[in-house]
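Participant: If you want the building blocks of each chain, they are given just below.
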Amino acid sequence: MSVTDVAVQESLPQPRARRIVNDFAIQAATVNGSGSQTANMVLLRSIFQMGVPVSGKNMFPSNIAGLPTWYTIRASAKGYISRKKEVDFLVAMNPETAKEDVLTLPAGAAVVYDEPLKLHDLRGDVVFYPVPFDKIVGTITHDAKLRRLVRNMIYDGVLSRLLSIDMGQMEKALRKQMGKKEKAIALNMGALKAGYDYAEADLTKQDPFVVEPMNKTEGLILIEGNAAAAIGCMMAGVTFVGWYPITPSSSLCESLIDYLKKYRKDPETGKATYAVIQAEDEIAALGMVIGAGWMGARAMTSTAGPGISLMAEFTGLGYYAEVPAVIFDVQRVGPSTGLPTRTGQQDVLATAMLSHGDTKHPLLLPASVAECYTMAMDAFDLAERLQTPVFVLSDLDLGMNNWMAKPFEYPTKPHDRGKRLDAETLKRIGEFARYRDVDGDGIPYRTVPGDGMPAYFTRGSGHNELAQYSERADDYANNLDRLARKFETARTLVPKPEVEMAGKGGIGLIAYGTTHWAIVESRDQLKNEAQIETSYLRLRAYPFTPEVAQFIDRCDRVYVIEQNRDAQMLSLLRMECTPAQFAKLRSIRHYIGLPIDGRSVTMELLNQERAEA
Amino acid sequence: MSTTPAQPPAAPGKKINRIGLEPVAYRGGKTTLCAGCGHNAITERIIDSFFELGIDPTQVIKLSGIGCSSKAPAYFLNDAHGFNAVHGRMPSISTGAVIANRKTIAIGISGDGDTGAIGIGQFVHLMRRNLPIVYVIEDNGCYGLTKGQFSPTADLGSTLKSGVVNDLPPIDTCALAIELGASFVARSFSGDPKQLKAILKAALSHRGTCMLDVISPCVTFNDHEGSTKSYSYVKDHEEPLSDVSFVPYFEGIDVEYNPGTTTAVTLHNGSKILLSKLAEDYHPTDKMSALRLLHETTARGEYATGIIYIEPDKQDFIDLLGIVDEPLASLPESRTRPGKAVLNEIMESFR
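For the record, the sequence lines run as chains G and Y. Under the numbering used here, think of the first position of the first sequence as 28, with each following residue one higher. Under the numbering used here, think of the first position of the second sequence as 2, with each following residue one higher.
This is chain Y alone, in the form it adopts within the complex (with noise of 0.2 Å):
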């Protein structure tokens, strides 16, 4: 991870969002992961869709474990605060930090290994309580930091560059991820960085848990022919199943679209979701229609972009627990050290 600021592109005829932030208010440090690596694009993405949205850096938190991935949070908004956790275990100190503090906007980035290997519990528990948190994967089917070994999202069949062959089934997050009940679940492509951009604005506007696996090459060692998560066979089998378009409730765009060929979906802040249909059979509000569209494209060996599946309306994690408005970090000790007449309530008890 860099220790020196990016210096930021020239921002033509001073561009500034809806908050008055220039983008460079949302850049990170200098990347230090390899040139190529599909991750900076992602990077990329996350930088365009924060400050496209307007969102203030400083009331977002960017975690993730550990990884190439991982490293990725010190290289975007960098008055954002980071916490680069150990691996496999962003998760926990997501719900931990998001929940003492529930005015925060959180972003966690994490890899297939971090996530889906050492990981996998705290994912599976993370989803299941729909924790509000956009939580992208990285996803290259190996581990880039410790020089290519296979990850558990590696495909069946797929190889190492020494000729390895990878012989055990892959874990399909974003299946999990319908099944365990995360409320927006999305697959894409580093290199799609149109139908990146739509899906992260999206994700940034729904409340709950956003899964999104997003296959992002490793240029160095998973990027060869056998390899099914190359730059080629990606571009080759990416059978994207709508084109997204994210309309922000501040727009107040009032966009026409064809119910019949075309879901809209509205955010709980009023933003929406178009997506217009490019697949047969895609309902992306329905769980079976969703897992079933994932499964069958598994088995063409292709794999489906877009969101997979939303559910708008779904309670949060924070609204379950029924907590004041206010961060729970923040409040004063008159509210949180009860009264004389408590301590001696409790006290009569015992005696």
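Next comes chain G alone, as it looks inside the complex (with noise of 0.2 Å):
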């Protein structure tokens, strides 16, 4: 099994003697459970800390112990975030994968490997260094517990030999790893050191590969996406989490516990001032936060698409009793359990269109840990504004892999409650009937227990204005138009896409979440090497505003770039589209389980542009 892509030779192998600074991808392939998370942490930190833009995306099994896992680190001075298609510098420690790590690399790179692996004969257009991991860490510890654990934080101390990653940044990064933890620090110190030695003494640098420092990271946090949604969830002042535990979203939940134990005690009795369950399964999960949500509290769960799919019947319960939810789906490939670790964009029509009859709802779609942030907040107040399920489709990418930002922006706008009745509009529309439009924006007033307003008989069996069973013909039509009323107002108070346009529009890019980074990337290549200008719209949510359907309007056609399969986001535009935008539209798709890159949208909208022409 290889987790590198390659199979495209796209340029020669480049002379020895050029440099290549602060332009590659380095990819650790170790087995999981031997420690090498701190040992990759510490490299993707050192170079962040040098001031080189980075990123860092770890390709793990759904395993706790034993199995292969790659953690790639890409160096970028141009700031390129996304995956790169090639791996230009192999970490090789694991035996199992090792021969097709290596047989899989473009011409040119170059791999650190495990001495006893004998590597070097695979190939001769790659440059090997063997280093005798076993023998080094004799001299390091006699604990062979410890000796397993220290034995990846060698390879960093090759590495900042080799690419000249200064040390001191390793011993920071590390410091900032291991906490107060002196002995362990003492004990990977010797580690990262006797690698390094190693390396001074026994390897002659041959690659071009080079970190030298810049000034780009200033400022800036590494932070994973799911951490920077928990922020935003507690700053969005969540009362009530339900939740169930499962690969990629746990970690989002987790993270809000810690927060809320710290953050959210009453000074005063120190009490918490939230309540955070674990249910028995997802169906409970959203059943809890449905209850607290209609009780009045702020309430979300977050979950991955299994998960999603036991939601279903919840959240049509949440759309047509209107009841406010936050659900935050981290999305995993499918279908069915499908690869539990890997990334993908899979569950858009899933989420918008969830449970039977007719539904739908809002999606918000961050693309950076910022947006994680941020789209927290946005989505309690767009489900308490709209009294309806409102879903953050996250993935796994940008939910557990560290990403750069700036310090998120401490909120200016106070939590939107929505309408909630008091006695001075009771006063105002003469009578309460939970479900009238009485502003036209198809939003009825809703009261909750104990807020001493009149109560109603929440339903998900049919019903009239006045929340009273029917099943009469314009009572459900009446409802189920008024509904529909409600998601065009969600049109106007969800985040707008971003647009950027080249001339009059020529070739257009849609695209949305992770897949951002990967437009950028690509919107550069197709610029710089194929001279093709592109309009950009990145889709921040669903519905879509007028500005999509504009931005289609004025390119002569237009790319929906995604990670999944059967082009879900271009099938909900085609629900709106007029048969001339419709005509427009073409689908760029990536689902292979890992991030999508630059180079794969680039070479498949340059084949499809030729086909075109």
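Among these hints, one or two may not hold up.
[Said to hold, decoys possible] Covered stretches of chain G (chain Y as the covering partner; in silico rule of three or more C-beta atoms under 8 Å from a C-beta of chain Y):
no. : segment
1   : 259 to 273
2   : 286 to 296
3   : 310 to 323
4   : 436 to 442
5   : 487 to 501
[As the list claims (entries may be wrong)] Calculated from the model, a selection of chain G residues having no Cβ within reach of chain Y, i.e. all distances over 12 Å:
no. : residue
6   : 227
7   : 237
8   : 476
[As the list claims (entries may be wrong)] Residues on chain G that point at chain Y, a partial pick, calculated with CB under 10 Å:
no. : residue
9   : 93
10  : 203
11  : 249
12  : 303
13  : 307
14  : 341
15  : 343
16  : 474
17  : 475
18  : 479
19  : 482
20  : 514
Honestly, the hints are just simulated from the structure, not real lab data. These figures come from a predicted structure and were not determined experimentally. Beta carbons: idealized from backbone N, C-alpha and C, even for Gly.
From the two separate chains plus the hints, produce the assembled complex.
Facilitator: What follows is the structure, encoded as structure tokens:
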């Protein structure tokens, strides 16, 4: 098994003399459960601390220990942070995958490998650096368990020497990673130094890859999307969390629990201003959220595809009974259990239309950790304003990997608690009818138990304006039409897309979520390599705002780029298109479980353009 | 479910309760269930119990799943918020709702299919958590709303009208609830109004999960010869474990009783339940004994009724959570959005 999908030789091997500075990808292939995460984070942080833009992508198995795992770190002076299609520098620590990992490298790459694996005969067009890890680790500690854990830190030391990564930054990163565990720090520093010393004494630099200090990361933070979303939820004033563990969303609720414990205790009583319940399954998790939301709490859950399937029934209830709920879907790869630790954008249609009958739901589409933070807050406001379940579609790549970001800004907008009936409003509107469209925006007024306002009967069965059971045709149709009107109101409230026009339009690209980062790179490639200027619209929400149709109108043709097989967002767009718009839409899809890369987009777009011509 | 409030019976001599409300304040919509349905009798006892205890209906939430039983919340306490949820999922809705507002008094109405079949998973976890709620199963051993199929509480050998014999053993929801951690478990019969009302009032005064399995014959589909949930069968096989009397704290009555034959249980609010033994080996505060009694009576083809198990001082789920005294749902932004310094501190940790 390999996760390097390079089958395409794009250029000849680079001459050795050339220096490639701050523009390459390092991949550490290890066995999971071997402590490689610490080594990889230290490597990532060191480069980040040197001021070089980085991104780190963990490709790990659905397993606790013993299976192959790959961690890819990309350094990019230009700031490209999507996955790089090719691996330039491989650290081959895993006997199971080493051979294939080496065979899939592009020519000109370099390999640090565990000496006994004897990889150097596999190819003549890559540089090999054998390192006797066991021998080196033997000089650091005699404890077998510790040896296993610090073994990987040795390759950080080797890379420090080979790639000119500052040892001082390595130590700083290690301290950041280890906290106050001085003994562990000393041990790991020993491993780092031993690796460095070995490389200095026994290896001759033959590859072109070098890290040089820059100033492009000053003031930035490194954070995972799930942690960012958790911070957003806390700032959004969440008071109820119902969840069920599932990869890759668990760390969202787990981070949230940590933050809430620390920052949401009542200062006087020490009691919690929130409740977090680990439910018996995703059905119950959303059921609890709906119960709490009905009661007036700001309630959320987070899950992934299989949980979304289970939540269908309650989502329909939330839609029809009009109860606010926030659902984070940190997307992984399906169908069914699929690839639980790989990334994709495969839940777009499922969430947009989740549940039977005529249902549709607002989706927020964060592309960055910053948007995980801001859209968490948007989601709670929208859910309460629209009195409906709102989905935030993150993905494994965004949720579980570290991304650079500016420190998040403190929210300036107060929480929007939506249309809650009070005595004054009741006087103005005369009579409380739970499902009456008083304001013409499809959003009725609601009361909650214990607020002293009139009660009503909430049900998932047919009901009239007064929330009474009804099977009357007019009651049913009027209600469904009002819900559709409410969805039109949602269109005016959701985050607008980001649009960049190139001239009159020309070739347009539409993407969303983490696909964005591949588009940033691909657009530069198209411009620099094929002289194609593209216009770009990054979707940030569903339902689509008017900017989307305007964009399609202005472009000659529009590629919708996404990480699923069935062009799911394209399908949603087509549902709203005029025939002329429909005819302009093209599709580029990427669904191998790994984050989409710019090169794949560029190649596929050029292919389709050639076919067009 | 009806859309028109029922005409209340004339209040004899302006009967009012301790908070000054008349019985009419506790009524709901007119029932749409079959005439003679056991569920209607249970509704009446619920109305009586809330009235007599003087509970403010606006502080109550009434929840249900799906099925004939689950229509019942529409027939009592019009001034309470109601939530007719989805099939078998009322426990999770209740859990979120009660946690979001700990001041609320929750009553959930379910059926034997809604609880024992589709909802057994959520039921199990509700019992485990000991959430403060009165959970009533209106148990008729069949699916009434879909025309009489067996439910998981149908007894072995019981027959459908068509003659089909049930060949699977029943789930005993009381035994299950005791095993799982519910702190108040009772079984009653819709045809025994006195006992049912006493149990309901006791349950409404208990903090924790009260699981009430009320056998409630389905007059349309399960009241024939061959059914073990018919009026006549249950009347003949009901084995009351005790005479249940309930003395609310506000009545301040000093009751005399013989500790040799009567078990007195004091609830957290000072109310008392007096259980005068009718059965041998009846020890309602002893879990093992309660389970043994259930198994023995079941083996004899009898329904042991009354308060089968009670653990008056068990910590409920709300206490366990350590949440603030005010409802979470109404906490102002000043208490739910941490200040700028907190965000700065968090951001610093990611540098």
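Participant: Does the structure break any of the earlier hints, and which numbers would those be?
Facilitator: 8, 9 and 20
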